[in-house]
Amino acid sequence: MVNQLEIRNLHARIVDGETILNGVNLIVPKGQIHAIMGPNGAGKSTLGKIIAGDPSYEITKGDILMDGESILEMEADERARKGLFLAFQYPVEVPGVSNANFLRLALQAKQGGEVNMMEFYGKLQKALKTLEWDESILTRYLNDGFSGGEKKRNEIMHMMVLEPTYAIMDETDSGLDIDALKVVAKGVNAMRGPNFGALLITHYQRLLNYIVPDAVHVMIDGRIVTSGGPELALRLEEQGYDWVKELAATAS
Amino acid sequence: MELTSTLSRDLILQVSSKLGEPDWLRAKRLLAWETFARLPYPTPRTEEWKYTDITEVPFEELSLELPTGQPRAIPQAVQDRLAQAQLSGYAVFVGADLVHVELPEALREQGVILCSLHEAMARHPRLVEENLFRAVNWSDLVGTQQNRPENSKIPALNAALFTHGVFLYIPRNVEFSKPIGVFKYLEGGQLSASRTLIVGDVNSQAVYIEEYISPAKVAPSVNTSSTEIIVGDGAKVRHAHIQLLGQGFYHFHRQRAHLQRDAALNDLVVNMGASLSRAEVQSEMLGPGSSSEMLGLYFTTGLEHVDHYTLQHHVADHAYSDVLYKGAAKDQSRTVYAGLIKVEPGAQKTDAYQTNRNLLLSADARSDSVPQLEIGANDVKCSHGSSTAPVAPEELFYLMSRGLPRHMAQQILVKGHMTDVLTRIPIEPLRQYIESIIEEKVRV
Ligand SMILES: Nc1ncnc2c1ncn2[C@@H]1O[C@H](COP(=O)(O)OP(=O)(O)OP(=O)(O)O)[C@@H](O)[C@H]1O
Ligand SMILES: [Mg+2]
Chain A
1 MVNQLEIRNL HARIVDGETI LNGVNLIVPK GQIHAIMGPN GAGKSTLGKI IAGDPSYEIT
61 KGDILMDGES ILEMEADERA RKGLFLAFQY PVEVPGVSNA NFLRLALQAK QGGEVNMMEF
121 YGKLQKALKT LEWDESILTR YLNDGFSGGE KKRNEIMHMM VLEPTYAIMD ETDSGLDIDA
181 LKVVAKGVNA MRGPNFGALL ITHYQRLLNY IVPDAVHVMI DGRIVTSGGP ELALRLEEQG
241 YDWVKELAAT AS
Chain B
253 MELTSTLSRD LILQVSSKLG EPDWLRAKRL LAWETFARLP YPTPRTEEWK YTDITEVPFE
313 ELSLELPTGQ PRAIPQAVQD RLAQAQLSGY AVFVGADLVH VELPEALREQ GVILCSLHEA
373 MARHPRLVEE NLFRAVNWSD LVGTQQNRPE NSKIPALNAA LFTHGVFLYI PRNVEFSKPI
433 GVFKYLEGGQ LSASRTLIVG DVNSQAVYIE EYISPAKVAP SVNTSSTEII VGDGAKVRHA
493 HIQLLGQGFY HFHRQRAHLQ RDAALNDLVV NMGASLSRAE VQSEMLGPGS SSEMLGLYFT
553 TGLEHVDHYT LQHHVADHAY SDVLYKGAAK DQSRTVYAGL IKVEPGAQKT DAYQTNRNLL
613 LSADARSDSV PQLEIGANDV KCSHGSSTAP VAPEELFYLM SRGLPRHMAQ QILVKGHMTD
673 VLTRIPIEPL RQYIESIIEE KVRV
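Just so you know, the sequences run in chain order A and B.
In terms of this note's numbering, the numbers along the first sequence are unbroken and rise by one, the last being 252.
In terms of this note's numbering, the numbers along the second sequence are unbroken and rise by one, the last being 696.
It cannot be assumed that every hint is accurate.
Simulated crosslink set (EDC-like; lysine to aspartate or glutamate; CA at most 20 Å straight-line) [stated by the list, open to error]:
no.	chain 1	residue 1	chain 2	residue 2
1	A	K151	B	E646
2	B	K430	B	D332
3	B	K667	B	E687
4	A	K151	A	E114
5	B	K601	B	D583
6	A	K129	A	D177
7	B	K667	A	E150
8	B	K667	A	D214
9	A	K151	A	D214
10	A	K151	B	E647
11	B	K430	B	D603
12	A	K186	A	D214
DEER-style ranges, computed between Cβ atoms [to be verified]:
no.	chain 1	residue 1	chain 2	residue 2	range
13	B	A641	A	V15	14 to 24 Å
14	B	T675	A	Y210	32 to 42 Å
15	B	Q336	A	N195	21 to 31 Å
16	A	D16	B	D603	40 to 50 Å
17	B	R695	A	I27	34 to 44 Å
18	A	E119	B	R695	48 to 58 Å
19	B	R695	A	G240	50 to 60 Å
Take a look, some chain A residues computed to stay more than 10 Å from chain B by CB distance [said to hold, decoys possible]:
no.	residue
20	N22
21	K126
22	H158
23	K182
24	V225
25	L234
Keep in mind that the hints were calculated from the coordinates and are not lab data.
A virtual CB, placed ideally from N, CA and C, is assigned to each residue, including glycine.
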């Protein structure tokens, strides 16, 4: 078995609409954390949502393979149960279901049976402790009235409780103050290990000081244009994207 | 009871005499019958029935459901409800037979009456005669702009032919907060007609839940119910009408509350069953300082059709009313809501709100919503709003991306949509029951 999340020559568009991804190639081996950077509108969030199975996009070419198995035909819920997780750039507010109850349902769906309440409670406690958070967040309705930062932190809490094999985090650092950023990084680092792979979408090199990536990729116009180590993020911070855009122009 | 089965004046006389009714009631039944016989059925050309077509409803092809007088067991479905509902007193009807009624000693000693309407007529004739047909009779819908007479057709049928009912009386200053539950188990295949009369005397307080239950699928059946609620000066009544009839049922409910000075009604209508149902729920603010909260929940699936009409009729000044109806529609089902806030010229300082929101779970589902205001006073606060929107795809995707199968994600979104109504139901077991109905309906 190939232990990796592979995006193979992926072309995609909005259903009956504009093309957004123009041949993305990317491999995230299990055990590694990769970062994707790129200017606004490059297609980073779209890539994340497509990997997670958002039906508002259609794949016109290419494949997505999780541990060697194509997941293109699976609906979002099935992919999640297989071990995929997307921390949303804009988590949705859902009144009527408490945060904890929702997580219990999600875990139950993943395990395919009743959740042991003691075990579940233990996971919640552990996640809350790492994220330096108190229990009151559990009884509130899912994301309902959460501040921007609370929503992001909550996404990480979900990730910690659901323990995915591959996680995509879409700008989880945006809108976080420096303390919250450190805490969220702590959460992600706590997940780090041989059975966890992650793709961090970010605009800020700052995050990568706390979560040191194994590789950094730059996306422009729906394509990965260049890749490198953590030093690539520093260069982007200093020089911006113009040089990469030129690279992209000469390549195509 | 062996009676002529076709609807006729004769049948009414027979029913009335079998039930041992007093002359005044027989006379009223005959008046109602004359109205019924004279009027046409509403059609989609009738403004208030624009979106609901009842031309296929077999009102006159079914036999009238009559009391059998036979002892009958409490059906399992009702036993399950009794086990869950945490009630103080309760009554169970199977068809037109009252098979069980129970009221705690403490309430009986204080003068609370819970019995069949016909028993009440015999034992408390004055109370019944004064109040029966006081709020709901065979006359027009109150408040509609062009009182079309055909609106009275079904209420007239009910008044002429009702075969059973419930009477609840709460004496002056008596209060209880644990609900009284009345369960109507209908076997189907017939025309059922029943009435409920609730009288809350001065400064009393009561909680009453009425539930309609049947097998999941029945032969074509019609149920008509009329509920009258008299809320005396300073009295409080919490009332719920829960309809969970099976496929095959056509359900028609008309309810009207009279609210006297400083009276308060908290009303809830839940329509989650029947092939077609229509509930007309009206509150008349007759006394200054009265208030009426009117909540509604509905969820249709398959080919179901549900129609609600609400009226907030402000006759007196300084009264408050608030309608909040929320529904969801799945598959090819259809929901209709029409509501009117009517403020009479003398009703200054009225505070009246009306909101209807609908969630569509499929492209073929449809909701129509018609909110209306008719304001005759100048110093009032009134607002109304309605909306109908499909489930937001990004919400569904968010929930599914955490591993929840589509139907569970939909369940959560439907409950989320209805949350602001659900949280206003303080009777915990009832709320849980309604949530379980929603969950069940999303699943199938
Ligand atoms: N559902 C959609 N409908 C319309 N346009 C879309 C949709 N999804 C993506 N797009 C467009 O596709 C392009 C890529 O969007 P995407 O959100 O993936 O960018 P991004 O790289 O995440 O940008 P940002 O850094 O601003 O978050 C943008 O031009 C965006 O407007
Ligand atoms: Mg984005």
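Hint check results:
Simply put, K151/A and E646/B have alpha-carbon atoms about 16 Å apart, close enough for the 20 Å limit, and the pair holds. Taken as a hint, the K430/B and D332/B pair is honoured in the structure, with Cα atoms around 18 Å apart against an allowance of 20 Å. Among the hinted pairs, K667/B with E687/B is consistent with the structure: their alpha-carbon atoms are about 7 Å apart, no more than 20 Å. This hinted pair does not check out: K151/A and E114/A have alpha carbons roughly 27 Å apart, beyond 20 Å.
In summary, the hint linking K601/B to D583/B is not supported, as the alpha carbons are separated by about 43 Å, beyond the 20 Å threshold. In summary, the hint linking K129/A to D177/A is supported, as the alpha carbons are separated by about 19 Å, within the 20 Å threshold. Between the alpha carbons of K667/B and E150/A the distance comes to roughly 23 Å, so the proposed pair goes past 20 Å and is violated. For the suggested pair K667/B and D214/A, the alpha carbons sit about 43 Å apart, so the restraint of at most 20 Å is broken.
Between the alpha carbons of K151/A and D214/A the distance comes to roughly 26 Å, so the proposed pair goes past 20 Å and is violated. With a C-alpha separation of about 15 Å, the suggested pair K151/A and E647/B falls inside the 20 Å cut-off, and the hint holds. Proposed proximity of K430/B and D603/B is contradicted: the alpha carbons are some 29 Å apart, above 20 Å. Between K186/A and D214/A, the direct Cα distance comes to roughly 17 Å. Compliance with the 20 Å bound is thereby established for this hinted pair.
Against the hinted window of 14 to 24 Å, the Cβ-Cβ separation of A641/B and V15/A comes to about 20 Å, which satisfies the hint. Against the hinted window of 32 to 42 Å, the Cβ-Cβ separation of T675/B and Y210/A comes to about 40 Å, which satisfies the hint. In this structure the supplied range 21 to 31 Å is violated for Q336/B paired with N195/A, their Cβ-Cβ distance being about 44 Å. Restraint check, D16/A to D603/B: a C-beta distance of roughly 48 Å satisfies the suggested window 40 to 50 Å.
The hinted range of 34 to 44 Å is satisfied by R695/B and I27/A, whose Cβ atoms lie roughly 40 Å apart. Between E119/A and R695/B the CB atoms are about 26 Å apart, so this pair departs from the stated range of 48 to 58 Å. Judged by the Cβ atoms, the range 50 to 60 Å given for R695/B and G240/A holds: they are separated by roughly 52 Å. Listed as a non-interface residue, N22/A keeps its Cβ farther than 10 Å from every Cβ of chain B; the least gap is roughly 23 Å.
At roughly 19 Å, the least C-beta separation between K126/A and chain B is larger than 10 Å, which holds for a residue marked as non-interface. With a closest Cβ-Cβ approach of about 7 Å to chain B, H158/A is found to fall inside the 10 Å limit, against its non-interface label. Chain B leaves K182/A outside its interface by the beta-carbon criterion, the shortest separation being 25 Å against a cut-off of 10 Å. Interface exclusion of V225/A from chain B stands, the closest Cβ pair being 27 Å apart, more than 10 Å.
Residue placement check: L234/A keeps its beta carbon more than 10 Å from all beta carbons of chain B (closest about 32 Å).
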